[in-house]
Amino acid sequence: MRSRCAGGARGLATAVFALILALALGHNAQGQPEDPAEREALRIFLNETINSTHSFQDRYDAEVWLVDMSARLARFINDPEERLLILRQVHSAATRASLPPELVLAVIEVESHFDRFAISRVGAQGMMQVMPFWKNEIGRAEDNLTLNRTNFEYGSRILQFYLKREKGDLHRALAAYNGSLGSRRYSNKVYEAWSRRWRTAPLPW
Numbered sequence: 016m017r018s019r020c021a022g023g024a025r026g027l028a029t030a031v032f033a034l035i036l037a038l039a040l041g042h043n044a045q046g047q048p049e050d051p052a053e054r055e056a057l058r059i060f061l062n063e064t065i066n067s068t069h070s071f072q073d074r075y076d077a078e079v080w081l082v083d084m085s086a087r088l089a090r091f092i093n094d095p096e097e098r099l100l101i102l103r104q105v106h107s108a109a110t111r112a113s114l115p116p117e118l119v120l121a122v123i124e125v126e127s128h129f130d131r132f133a134i135s136r137v138g139a140q141g142m143m144q145v146m147p148f149w150k151n152e153i154g155r156a157e158d159n160l161t162l163n164r165t166n167f168e169y170g171s172r173i174l175q176f177y178l179k180r181e182k183g184d185l186h187r188a189l190a191a192y193n194g195s196l197g198s199r200r201y202s203n204k205v206y207e208a209w210s211r212r213w214r215t216a217p218l219p220w
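For the numbering used here, add 15 to where a residue sits in the sequence shown, where the first one is 1.
Check each hint, because a few of them may be wrong.
Mimicking DSSO-like on lysine-lysine, the simulated pairs with C-alpha atoms at most 27 Å apart in a straight line are [unchecked claim]:
id	residue 1	residue 2
1	LYS204	LYS182
2	LYS150	LYS179
3	LYS179	LYS204
4	LYS182	LYS150
Simulated restraints on C-beta separations [to be verified]:
id	residue 1	residue 2	range
5	GLU78	PHE148	36 to 44 Å
6	SER113	ARG199	20 to 28 Å
7	ARG136	ALA216	28 to 36 Å
8	LEU100	ARG199	31 to 39 Å
None of these hints come from the bench; they were simulated from the model. Since we're looking at a predicted model, the values are computed, not measured. Even glycine gets a Cβ: it sits at the ideal position worked out from N, Cα and C.
Using the sequences and the accompanying hints, generate a full structural model.
Laid out in structure tokens, this is it:
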């Protein structure tokens with residue numbers, strides 16, 4: 016996507032079935048029941064933050080960041096216009112969720128390698144691998160999680176929720192996002208991706 020500068024600003028997803036059912040009923044990927052109060056809190060948080068956002072587009076002065084990140088993203092996305100569109104949408108969703116965009120990019124790399132049509136064995140969809148039952152939970156059944164803009168908004172808000180719950184502990188928040196709380200295996204993968212490819216400033220790992 017060709018960028019234009021105006022006034023210094025930038026316009027800028029048997030056993031498998033049982034596991035899906037368990038997730039829909041409030042169980043994590045390890046089969047342990049989630050706290051019903053926690054599930055309700057996340058449902059309310061998603062409802063308030065996503066339903067209150069009518070446009071996923073923002074404008075920012077981020078030319079240097081876009082050029083830098085576009086070069087890093089080229090490993091996964093060949094088309095320069097597609098790269099810029101993805102980066103604008105990631106930056107927008109992450110910023111609204113008070114997350115470093117570079118962290119979200121690392122999560123996407125680990126979750127889907129930037130494949131918008133990725134579907135996990137338990138049914139999680141899109142680049143940030145969001146479980147589709149959340150659409151019904153917050154009354155947005157029509158949302159399409161293979162649309163990057165929508166997927167980034169859901170994924171970023173869910174990660175924001177867990178970061179708040181875990182008082183900023185990145186490893187615990189990422190493990191909760193992945194459904195593997197108590198293990199650092201997933202969060203270490205995200206850390207490695209962030210450190211190797213996306214890092215621009217320190218994060219409190």
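Practice task
Determine which of the earlier numbered hints do not hold for this structure and return their numbers in increasing order.
Solution key: none
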